Amino acid sequence: SRHPLWEDRLDEGTDRSTLGKGMVLDKGRETIATTVLDGEPDAILRMPGDTLAPFLLTVAMALCVVALLLHWWGTAAFGGVCAAAAVIVWLWPQAELGQVEPAPASEVIRG
Amino acid sequence: MADATMGQELRPGEERLPVGSAADPRASGWYGMAMLITTEASLFAYLLFGYFYAAVSSQSDWPPAGPPAAGYALANLVVLVASVAAVWLAETSLRRGEARNATAALFGALVLGLLFILIQVLDWRSQGQDITRGSYGAYYYVLTGVHLAHVAVGVLIIAALFAWTRMRLLGQRRPAPLSIGALYWYFVAAVEIPIFATLYVAPHLG
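Residue numbers (the numbering used here), protein chains in the order written: chain A, 1 to 111; chain B, 1 to 206.
One chain only, chain B, in its complex shape (with noise of 0.2 Å):
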């Protein structure tokens, strides 16, 4: 592999470096996705802070309706979990140089992440709620449609990674845009879960 020291003679200690993205996955840029990631919850956390605000200083019942009915959020909360298993199963098979399974897992991940936009989008044609009415509504609306946008983004993250790994453009020695994109993953999945307990199941609670 061609590098800047071709031709020098190395001296104790040493050691050529490679030419091209480092095969470490802690790569600057998994930092970046890191910093990226943690700017992206403190907006998920004012929102819940704002919602849990809203509900303090409701002069009225909250939610207005009732509990929402957790059907389709159940199951969205069980696809994401399984597109987590996926990607961690791509992941950990392109560092072990299984590109086939790594594929066949992204694979999985994307239509997993399909899915969930499809079930959100049922959910939100079920509960029947008013972005437009109350402070509920707009906050139920905002929670989900924000965590649905960051969703939607890393489907297209899946997809472009698995469109490379499928062109062996990624591999046992390449790993770390994988690696980033599904720490991406891991982020919006971890975040569905105070989402789900603040919507659908703090109101049980009281």
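Just chain A, with the same shape it has in the complex (with noise of 0.2 Å):
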């Protein structure tokens, strides 16, 4: 929440929530990424769009499964293959959500 109601209760210190500074993570569907360890932010991180691939791999890998326990080894291949397309599509990196190495910037200039 924005003003945590437990946080006047606890006496850790005289910091206090505010929403007057900090990143405001307003250019579109946004969320900080932290490290690991300490939760210090470490880069934005831009959420993607709607997609089929999960739903796609589920049915992939419930087709290759059950086609496994039928012995239909045939399907069972096509399932699993469909299944790595279906994971290798869901994380091709995107150049809009910033998952892509920048151009170099002679190459930036030259275009």
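Certain hints may be false.
[What the hints assert, rightly or not] Label-pair distances were calculated between CB atoms; the ranges are:
#: 1; chain 1: B; residue 1: Arg-166; chain 2: A; residue 2: Thr-14; range: 49 to 59 Å
#: 2; chain 1: B; residue 1: Arg-166; chain 2: A; residue 2: Leu-37; range: 45 to 55 Å
#: 3; chain 1: B; residue 1: Ala-41; chain 2: A; residue 2: Gly-28; range: 31 to 41 Å
#: 4; chain 1: A; residue 1: Met-47; chain 2: B; residue 2: Asp-130; range: 49 to 59 Å
#: 5; chain 1: B; residue 1: Ala-190; chain 2: A; residue 2: Ala-85; range: 21 to 31 Å
#: 6; chain 1: A; residue 1: Ala-77; chain 2: B; residue 2: Ile-193; range: 49 to 59 Å
#: 7; chain 1: B; residue 1: Arg-133; chain 2: A; residue 2: Gly-74; range: 20 to 30 Å
#: 8; chain 1: B; residue 1: Leu-122; chain 2: A; residue 2: Leu-70; range: 27 to 37 Å
#: 9; chain 1: B; residue 1: Val-121; chain 2: A; residue 2: Asp-26; range: 27 to 37 Å
#: 10; chain 1: A; residue 1: Gly-49; chain 2: B; residue 2: Ala-163; range: 14 to 24 Å
#: 11; chain 1: A; residue 1: Gly-39; chain 2: B; residue 2: Pro-64; range: 50 to 60 Å
#: 12; chain 1: A; residue 1: Trp-72; chain 2: B; residue 2: Ala-190; range: 28 to 38 Å
Please keep in mind that the hints were generated in silico from the structure rather than gathered at the bench. Since we're looking at a predicted model, the values are computed, not measured. Just so you know, even glycine gets a beta-carbon here, dropped at the ideal spot from N, CA and C.
Given two chains presented individually in distinct reference frames, assemble the corresponding complex, making use of the accompanying hints.
If you want it as structure tokens, here you go:
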């Protein structure tokens, strides 16, 4: 919440939550990435949009597993290949999310 | 580079945060992969424990037909070690900004991974073990089969990383996916050592 009700009850110091400072994160769907151990802000992450990849992945995995149970080896292989493809598509780096290596400055100038 | 603090004055000590995946290879995904490796390592530990338990409990010779031939397995061990070197070379090259070298190294690792799968299949055909008769055959195929499945997933990961590096989607400022994938491949290669020692060296130790 913006102003936790429990904040004043904690006797941990004088600092209090404020909306007047810090990151706004108002450029689309953004969130903070923090370091794992200390929780310090590390990067701004842009959240991806809607995608069918997770659903297709589950369908493919279900097909693969059911086919294995039924000893339909060809169908299981097909499901496995589809599942692999769905994962790769899902994890494909997207430039709009800042997941792609920036072009070198020289290429930007020439472009 | 756009960030959430654009337009705002920075106070002393503050830095603009990068947008997108962190340049630090120790991104959250790296720790996630480390946790996955921990669970998968536990799986192999259970399987190896089961193998030795069955060996100790066996009323007959173990292995029943004597120690298996280690030619193919030894070749595979060399192939995996070479692939680790290739992946390590790709990782260090990418961090230095040498994308072309990283791409070539990843291609080499991909070829070696596929070679491992081929040699493993040849090893299975040469051993003549039967998964349905006795516990030794079952453990042999489950141990090597589960490892082969992990290698196959690793080959897919390397193939994707090769394609992304080739397309210049990964680079010196976005190396995290390669580091995370490399960590998985190092695990896959490391697991081969105790498997090789268990199946092909331990029977000679009496």
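- request: Check each numbered hint against the structure and report the violated ones by number, ascending.
  value: 2, 6, 9
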